[in-house]
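A.B. asks: The residues making up each chain are set out below.
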Amino acid sequence: MKKLKYALFTGCTAKQSTPEQMMSTMAVARKLGIEMIELTEASCCGASHLQDYDDFLSLVLNARNIAYAEKHGLTMVTICNTCQLNTAMTKHRLDKNAELKAKVNEKLAEIGLEYKGTSNVIHFLYAIIDDFGLDKIKEMVVKPLSQFNIAPFYGCHNIRPSELHDESHKQKENPYNPTSLDDLIIACGGKNVDYEEKNKCCGFHVELQAPHTAAVLTGTAIAGATDNNADMMVTPCPLCHLKLDTQTKSASEAIGREVSLPVLHMQQMVGLALGCTPAELGLKHHVTEVNFI
Amino acid sequence: MSAEKITTQKVNFKVFRFNADEDYLPYYENYTMDITSEEVVLDVLNRIKWDHDGSFSYRRSCRHGICGACAIKVNGRSTLACKESMATMIEYFGNDITLEPLSTKRAVKDMIIDKADFWDKHASVTPYLVADIDECPSCENLVSPHDAEELNEADLCIQCGACHYACPVVEVNSDFFGPAAFVAAYRFESDVRDSDGERLINVNEEKQGVWDCAKCYECAEVCPKDINPIEKITKLHQMAFKKGVAKNNVATRHAVGFLHSIKRNGVLDEGGLVLYSEGLHIVKHIPVALAMFRKGKIVPPWGITKSDKLDEIQKLIKSSSTVKF
Ligand code: SF4
Ligand code: SF4
Ligand code: SF4
Ligand code: SF4
Ligand code: FES
Numbered sequence: 001m002k003k004l005k006y007a008l009f010t011g012c013t014a015k016q017s018t019p020e021q022m023m024s025t026m027a028v029a030r031k032l033g034i035e036m037i038e039l040t041e042a043s044c045c046g047a048s049h050l051q052d053y054d055d056f057l058s059l060v061l062n063a064r065n066i067a068y069a070e071k072h073g074l075t076m077v078t079i080c081n082t083c084q085l086n087t088a089m090t091k092h093r094l095d096k097n098a099e100l101k102a103k104v105n106e107k108l109a110e111i112g113l114e115y116k117g118t119s120n121v122i123h124f125l126y127a128i129i130d131d132f133g134l135d136k137i138k139e140m141v142v143k144p145l146s147q148f149n150i151a152p153f154y155g156c157h158n159i160r161p162s163e164l165h166d167e168s169h170k171q172k173e174n175p176y177n178p179t180s181l182d183d184l185i186i187a188c189g190g191k192n193v194d195y196e197e198k199n200k201c202c203g204f205h206v207e208l209q210a211p212h213t214a215a216v217l218t219g220t221a222i223a224g225a226t227d228n229n230a231d232m233m234v235t236p237c238p239l240c241h242l243k244l245d246t247q248t249k250s251a252s253e254a255i256g257r258e259v260s261l262p263v264l265h266m267q268q269m270v271g272l273a274l275g276c277t278p279a280e281l282g283l284k285h286h287v288t289e290v291n292f293i
Numbered sequence: 001m002s003a004e005k006i007t008t009q010k011v012n013f014k015v016f017r018f019n020a021d022e023d024y025l026p027y028y029e030n031y032t033m034d035i036t037s038e039e040v041v042l043d044v045l046n047r048i049k050w051d052h053d054g055s056f057s058y059r060r061s062c063r064h065g066i067c068g069a070c071a072i073k074v075n076g077r078s079t080l081a082c083k084e085s086m087a088t089m090i091e092y093f094g095n096d097i098t099l100e101p102l103s104t105k106r107a108v109k110d111m112i113i114d115k116a117d118f119w120d121k122h123a124s125v126t127p128y129l130v131a132d133i134d135e136c137p138s139c140e141n142l143v144s145p146h147d148a149e150e151l152n153e154a155d156l157c158i159q160c161g162a163c164h165y166a167c168p169v170v171e172v173n174s175d176f177f178g179p180a181a182f183v184a185a186y187r188f189e190s191d192v193r194d195s196d197g198e199r200l201i202n203v204n205e206e207k208q209g210v211w212d213c214a215k216c217y218e219c220a221e222v223c224p225k226d227i228n229p230i231e232k233i234t235k236l237h238q239m240a241f242k243k244g245v246a247k248n249n250v251a252t253r254h255a256v257g258f259l260h261s262i263k264r265n266g267v268l269d270e271g272g273l274v275l276y277s278e279g280l281h282i283v284k285h286i287p288v289a290l291a292m293f294r295k296g297k298i299v300p301p302w303g304i305t306k307s308d309k310l311d312e313i314q315k316l317i318k319s320s321s322t323v324k325f
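From first to last, the protein sequence lines are chains E and S.
Using our numbering, read the first sequence as starting at 1 and increasing by one per residue.
Using our numbering, read the second sequence as starting at 1 and increasing by one per residue.
Note that these hints are calculated values from the structure, not bench results.
All C-beta atoms in this analysis are idealised placements derived from N, C-alpha and C, irrespective of residue type, glycine included.
There may be inaccurate statements among the hints.
Label pairs and their in silico Cβ distance ranges [what the hints assert, rightly or not]:
{"no.": "1", "chain 1": "E", "residue 1": "His-212", "chain 2": "S", "residue 2": "Glu-198", "range": "45 to 55 Å"}
{"no.": "2", "chain 1": "E", "residue 1": "Gly-73", "chain 2": "S", "residue 2": "Asn-202", "range": "13 to 23 Å"}
{"no.": "3", "chain 1": "E", "residue 1": "Gly-275", "chain 2": "S", "residue 2": "Gly-303", "range": "29 to 39 Å"}
{"no.": "4", "chain 1": "E", "residue 1": "Ile-111", "chain 2": "S", "residue 2": "Tyr-92", "range": "43 to 53 Å"}
{"no.": "5", "chain 1": "S", "residue 1": "Tyr-128", "chain 2": "E", "residue 2": "Leu-100", "range": "55 to 65 Å"}
{"no.": "6", "chain 1": "E", "residue 1": "Asp-135", "chain 2": "S", "residue 2": "Tyr-128", "range": "55 to 65 Å"}
{"no.": "7", "chain 1": "E", "residue 1": "Lys-172", "chain 2": "S", "residue 2": "His-260", "range": "30 to 40 Å"}
{"no.": "8", "chain 1": "S", "residue 1": "Glu-205", "chain 2": "E", "residue 2": "Glu-114", "range": "38 to 48 Å"}
{"no.": "9", "chain 1": "E", "residue 1": "Gly-112", "chain 2": "S", "residue 2": "His-260", "range": "39 to 49 Å"}
{"no.": "10", "chain 1": "S", "residue 1": "His-281", "chain 2": "E", "residue 2": "Asp-135", "range": "23 to 33 Å"}
{"no.": "11", "chain 1": "E", "residue 1": "Gly-117", "chain 2": "S", "residue 2": "Asp-23", "range": "49 to 59 Å"}
{"no.": "12", "chain 1": "S", "residue 1": "Asp-34", "chain 2": "E", "residue 2": "Leu-100", "range": "44 to 54 Å"}
I would like the entire structure built from these sequences, with the hints used as guidance.
C.D. replies: What follows is the structure, encoded as structure tokens:
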């Protein structure tokens, strides 16, 4: 197989509050022999909040990020569900609306760039599953997670809205019955836990303005996983991770029940199975301790 | 007509039953039926009533996706029963299918719920045109095709409630207007003939308004009319800034804070954003921040790696900004 090579859009969180996510992404890429060209010129995607304020500006900024991936002639890989949403949404809107694309390109021309629409935007989860291949990962597992029940937490923005699926995943994910993360858990030798909240929202985006709502959603998700005998949760989204890992106190208070589970980033889970060390995967950066490794 | 062959398969239905007049608790009844590939969910409801139990209750009227009466939940997913094909449901969920009302909490009899909360929310966003139009005008009030496009299909809503009862925020916060009410608000707010000054302020209020939407996209996913309520919610956010009704509060500062941060660093300064959004209320975040700090999860403002070619980003912000706050 030809060596896989991507333009990596890290997003801001991986560089700040979830350093372990950046470390484990690179560790897994090394193990799988995937080359990552980091888009150091990229700006924040706006996290769907800048979008609430200034729609056009957020389109221009995201188009600029994609244009840099296009310059490399590479598919852009994201490692955050919300980065994926905003970047893929920009691409979706520009690709189907020539007038809007022209307006955006008029602005990009000022800095000598052009958005063409030639690069795909996919989340690392689907890069691993669709481009690299689950079977090949299965073959490479040296330390299967066979002793663990692992609860997948998909996070909204990878599975919804499904209008973005065609462009961003080859394996079409069913938003009501998603399977990618379950399949990955099984490939890593673990047992996947089925529970109602696996495709629900963690509330991250209203944490500041509606803290109670956010805390109830987080608490309910952890409780659902716990009640179905999960030893840990796993998520492809650093924002979900922040919520599930660092906010267990407010979540417990909101639902009137003590809840707390170790939460792995999807990359950390794969990394463990492939034999990376806990230090390489940054396990010490979790607030809820990953005490079983 | 397509010449595709009609196929049949066995499906096990687990059906929510409850009669508020007689039962203390709901229960589930099981039915197994042969389902053909051309049936819709409403056909199943009919067959339960006609072939199994005449007391089984549900709402339906038009059978054409127009009246909005027949929405229920299939395996937890809000669905318009007369529009949704069983074949799709089997493809999604397999041969074990659970039928429940849109909200089990609000069940009155089997699939029928008390939708009062939905209608109250709808009524409270002034869901009609407020315009100073002469009772006997001498000519029509023209709306250009371009202006009509601004409604963005919001006028197609059939008030089925599928999105409202799929919304996780509605579930947690009973004050929240919910996606359907926002669609109605947007419908009239985006109408060039409308002159209401209160509606947009009302849907921007804290606790109940658009800022409490968690951006989960459930509403976009379930709407049988492809209305995309969250897109309308986003537009209501933008309108609030454009028309100057956005209040200076934690939610709006959070949105604007992204711009400041990107201008300064290209990337987001997470700590700076929380500080800017919360102001003095930052103190309530200190315990979590300390725990994060101990685990190396907090980068101070001076430690942030700025985007390369930050000047390009700043130039674009200057040339492409369309809003002032
Ligand atoms: S979604 Fe979050 S992590 Fe991704 S670029 Fe935007 S702010 Fe950064
Ligand atoms: S689950 Fe949470 S963090 Fe993840 S996409 Fe949804 S709201 Fe955002
Ligand atoms: S996107 Fe907002 S309104 Fe729509 S279902 Fe989610 S929280 Fe509710
Ligand atoms: S927006 Fe769609 S789902 Fe919501 S009430 Fe209207 S038609 Fe039903
Ligand atoms: S019966 Fe009228 S919408 Fe389904």
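A.B. asks: Against the structure shown, which of the earlier numbered hints fail to hold, in ascending order?
C.D. replies: 1, 2, 5, 9, 10
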